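J.: Working from the sequences, and respecting the hints, build out all of it.
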Amino acid sequence: MGQILTFKLNGADTEVLINGDETLLDVLRGRLSITSLKCGCNHGDCGACTIHLNGRAAKACTVLAATATGARVNTLESLFLGGDLHPLQKAFIDFNAPQCGYCTPGMLMAASAFLSSAENPSEPEIREALGGNLCRCTGYNQYIEAIMAVAEGNYGPLPKRGA
Amino acid sequence: MSGVSVHTPGSLAELLNLLANLPNVSIVAGGSDLVPRMTRNKNNTGMAFPGFGREGLPEKNIVYIGSAGLNDIRESDGNIIIGAAVTITELLESALVRAKSPLLVEALSEMAGLTIRNTATLGGNISNASPAGDSLPALYVLGASVVTASVNGSRNHRIDDYISGPGKTARNADEVLKEIIVPIQKQKGAFIKMGRRKTETLSIINAAVLIDVQDDVITNNELGSVRIAIGAAGPTVIRCLAAEDFLCGKEPTEENFEIAGTYAAEAVSPIDDVRSTAWYRKRMASVITKRALAKALQSAE
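Top to bottom, those sequences are chains R and V. Residue 1 is where the first sequence starts when you use the numbering used here, and the numbers rise one by one after that. Residue 1 is where the second sequence starts when you use the numbering used here, and the numbers rise one by one after that.
Don't read these hints as lab results, they were simulated from the structure. For clarity, every value in this text was computed on a predicted model and none was experimentally measured. Even for Gly, the Cβ is constructed at its ideal location relative to N, Cα and C. Treat each hint with caution, since some may be false.
[Unchecked claim] Now the in silico label distances, taken between C-beta atoms and shown as ranges: (1) V:N71 x R:E15: 19 to 29 Å; (2) R:N54 x V:R98: 20 to 30 Å; (3) R:N120 x V:E266: 40 to 50 Å; (4) R:D13 x V:S164: 44 to 54 Å.
[Stated by the list, open to error] To spell it out: a stretch of chain R is covered by chain V in this simulated footprint if at least three of its residues, at any positions, have a beta carbon under 8 Å from a beta carbon of chain V; those stretches are: (5) 41-48; (6) 52-65; (7) 122-131.
T.: Pasting the structure below:
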């Protein structure tokens with residue numbers, strides 16, 4: 001049964017026709033062609049579809065699209081809307097963090113949401129925040145080191161939550 | 001074409017009217033339990049979910065409660081009142097909850113991972129009524145209750161009356177779990193979870209304990225009343241009454257905690273499943289009871 005979803009996608013007012021049983025992942029990838037978020041497990045375990053829902057990291061496959069009515073939804077594209085790479089993206093490149101790259105968009109979205117709300121996070125706190133993002137190449141340490149470098153300010157200031 | 005309609009009521013009154021009038025309703029808050037199960041059933045994979053057949057999704061109404069104003073956390077008459085749509089992250093960030101329910105904070109911090117906690121709700125964890133729900137042992141020992149509401153009025157349920165089996169609660173089809181009432185914590189508590197990894201894992205077994213240390217344990221080296229609840233080791237969370245009775249008035253020694261653990265292992269009735277075996281869970285019931293008691297007393301010093 002079709003219904004209209006109205007929400008803010010990467011800052012732009014967006015309207016899309018959806019079915020009631022579709023997840024935010026189904027709608028963003030299938031109907032709006034935003035393919036930065038990936039479908040890994042499709043049941044909330046792997047984190048490859050992590051987005052920002054009203055400023056916080058969320059797994060798009062666990063969110064019923066119709067319940068995002070009026071919400072602010074940001075995907076990876078929002079991180080470089082200004083044209084320059086996000087500090088985390090620069091650090092990921094420098095630390096050779098992505099291997100196959102499938103988990104990378106989710107890692108970026110989880111890490112950026114966490115860093116925009118955490119003051120001087122410790123390494124265990126970063127590991128905890130990224131606990132819901134699986135990397136089957138098992139390149140976890142490079143990701144954590146890159147995020148630590150950004151948290152320590154080596155890549156300049158970060159945009160704050162809600163920005 | 002799916003036959004699923006999602007309703008997003010803008011107030012509690014509108015929500016209750018929908019529940020009174022719509023057939024085949026599932027209620028959703030954050031969605032982290034319901035939505036993956038819908039997806040599995042739609043794709044004909046994984047476990048079946050009551051109301052969603054394996055052959056696909058039948059005509060179905062889903063009512064979202066996140067827009068209906070159930071988002072408050074407030075203090076009233078010695079209790080913390082938590083709206084059914086409050087997320088786990090909001091609870092963990094609440095100064096009120098942090099100050100007045102440290103055991104709940106300890107348990108919620110161990111739930112899932114940060115990303116899931118951002119959308120998942122305490123009301124959802126209760127409504128899902130999984131034997132392994134990580135908030136439940138803490139709610140049992142804290143003496144929490146829930147309020148369900150329909151167009152005909154509200155009902156109060158003690159948490160252990162409300163949850164009657166795996167996925168089963170006392171909620172009627174026209175009711176919504178409206179709020180959770182958690183008495184302010186005056187005792188010392190501890191929560192322990194055993195999982196296969198640190199985050200995003202379902203408990204193999206979990207336990208919460210609450211020890212009244214207001215005077216006795218300090219003056220006479222005797223334990224006051226003790227409450228012990230174990231999850232993922234029976235059809236619902238299990239209160240270990242024999243262990244509790246044994247400990248009351250005893251010295252808080254390792255030997256006594258060991259004996260209490262033995263009682264706890266007798267109280268549980270675990271099963272074999274994909275996460276663990278009944279054999280292992282029964283042994284671990286005793287171990288985590290002992291550890292949780294020691295941890296609670298450490299926090300008392």
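J.: Would you mind marking each hint as holding or not holding in the structure?
T.: Hints versus structure:
1. V:N71 x R:E15: 19 to 29 Å: holds, 25 Å
2. R:N54 x V:R98: 20 to 30 Å: holds, 22 Å
3. R:N120 x V:E266: 40 to 50 Å: Because 48 Å falls inside the window, the suggested range holds.
4. R:D13 x V:S164: 44 to 54 Å: holds, 46 Å
5. 41-48: Held - the stretch 41-48 of chain R has 5 residues with a Cβ nearer than 8 Å to chain V, which meets the minimum of three.
6. 52-65: holds (count 9)
7. 122-131: holds (count 3)
Every hint, counting from the list given before, is met by this structure.
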